[in-house]
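Enquirer: This is what each chain is made of:
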Amino acid sequence: MKIIGVDIGTMNIVSSCMNAEENQMQIDTMRNMFLPVSSDVLETNELIDTQLDYIIQKDDNEKDQVFIIGDDAFKFSQIFGNEIKRPMNKGVVSAGEIDAIDVLTVMIERLSGRCKDKGHAVYSVPAEAIDIKTPPVLYHEKVFNRIFKTLGYSSKPINEALAVIYSECRDSNFTGIALSFGAGLTNICCSYKGQPTITFSVSRGGDWIDQNVAQSVGVVNSRVTNVKERDLDLMNPKVGKKREKRVREALVFYYEDLIEYVLTHFIKQFNQNIDMLDIDEDIPIIVSGGTSKPKNFVELFRKVFNEEKDFPYDISEIRQAEDPLIAVSKGCLIYGLWDNKKIDSKEPKQSVESIE
Amino acid sequence: MFIINYVCCNVYHLTIYVIHGAHMFFLKKRNPLMRQSSKKLNTISTNDMISIINTFNQKLDEQTQIMSQIYNLLKNNNFTKTSNVDHQSVETELIFESKAQDCYIPDPDISSITSSNKKRKIKTMDSKSISDALDSLNEFDQK
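These protein sequences, in sequence, are chains V and L.
Quick note, this note's numbering runs 1 ahead of the 1-based positions in the first sequence.
Quick note, this note's numbering runs 1253 ahead of the 1-based positions in the second sequence.
What the hints contain is simulated information worked out from the structure, not anything from laboratory work.
Glycine included, C-beta positions come from ideal geometry on N, C-alpha and C.
Hints are not guaranteed to be accurate.
Claimed, not checked - Sample of chain V residues at the chain L side, in silico, Cβ under 10 Å: (1) Gln25; (2) Thr30; (3) Ile49; (4) Glu63; (5) Glu110; (6) Lys150; (7) Tyr167; (8) Gly195; (9) Ile199; (10) Ile280; (11) Tyr314; (12) Lys342; (13) Lys343.
As the list claims (entries may be wrong) - Covered stretches of chain L, going by a simulated chain V footprint (3 or more residues, C-beta under 8 Å): (14) 1368-1378; (15) 1389-1395.
Build out the structure end to end from the sequences listed, making use of the hints.
Expert: Okay, structure coming up:
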């Protein structure tokens, strides 16, 4: 059976699977975005000669609509200054994007392929946000079940931050607290021996930073994203030309604000649930997600965390996931392989019983 | 604001389900397409369905009076009410028990899509950490 782990993030989709013959994990990533291109800019027959990732679909009037997808959409928008479209918002399928579901299906097909025989996909879903009312995750889950079914996979959702625990907390017997700083949301999960005890999300993430920096400094969001992802050092923002320096300084300000906001809710939630959680060992905190990628993010997180005095548990360490962009997808894959092994080990037993 | 979660449809009616917290509400309306064109809903495309959902969403946002219509529709159909509710809010006053699998989730419609075949750059990583994690999880199972 082909098993895939898919991190369905607001900014990136990451798909992983095992190549058993070479003892390797294969990973493919794509930015979760698309850019409609007018036929005045690029004609359909010209696209074939380009090296762009694109799709062409017929609209209701049977006219070709061209969407550049993934990383190419991001690069194209950088060149032409266009605002890109996002199939997801705040961790779930965007209600306002009419083409979201079809584009997401094509993106997942490009990353994971269709499964002609048996296939199983484990994909990440966010927890409900505690600080704003967001669209329910249930609908989002059902949409992705349909998408995977269309591509030939059975599917199962798991919490995004729990996936980080499966990926990063083997040494502590899958006990730990994971914070997955995504683009739309920050997801948090406390796990005790692989079982989630507290899961929630807060509504701020990388998009919140980008929007605020863009408004504060007067540049488009995608330019902020570009500076943030290129070489941002959160302890040393004073590099580059004057405008870029302003962007970097604003990024540091909003990063610190994001961490403070997340930790305020984080500590409040753990204090509210202290009666439910009787953990008698020091627990690790794992920081992950694309928004945690800038240099010195963990140092900034540690600094803000150490200023907070009310966290009710003893922490053994605060560390970053081995690869913050891949951790969720890898955790989904581990869970899928484990789950499948359990099913496999049950199936022969049942057949033996039935023969008897 | 209402977020529409499920749409059930037949030729005559469009039923919209709204989940709020642990509760599910619904609104049943005559199929708007039946009045607009001769299209039958059982052949409706995903895009058409989404545009109907968006139209309903806008209407629900714009016209607060529709709240009382929903209330009346639900009241006339003997839906369960809770006792400790905020009577100002239809959202929390009326509860409709329904199974999600009976409802409509849009099917992806990629039949008319042509995509580029740009070669993808696939990264590889050593899988030892995965097999180690699986060993530990299997030990859990054995315990």
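Enquirer: Any of the earlier hints contradicted here, and which numbers?
Expert: Going through the list in order, the structure violates hints 9, 10 and 11 and respects the others.
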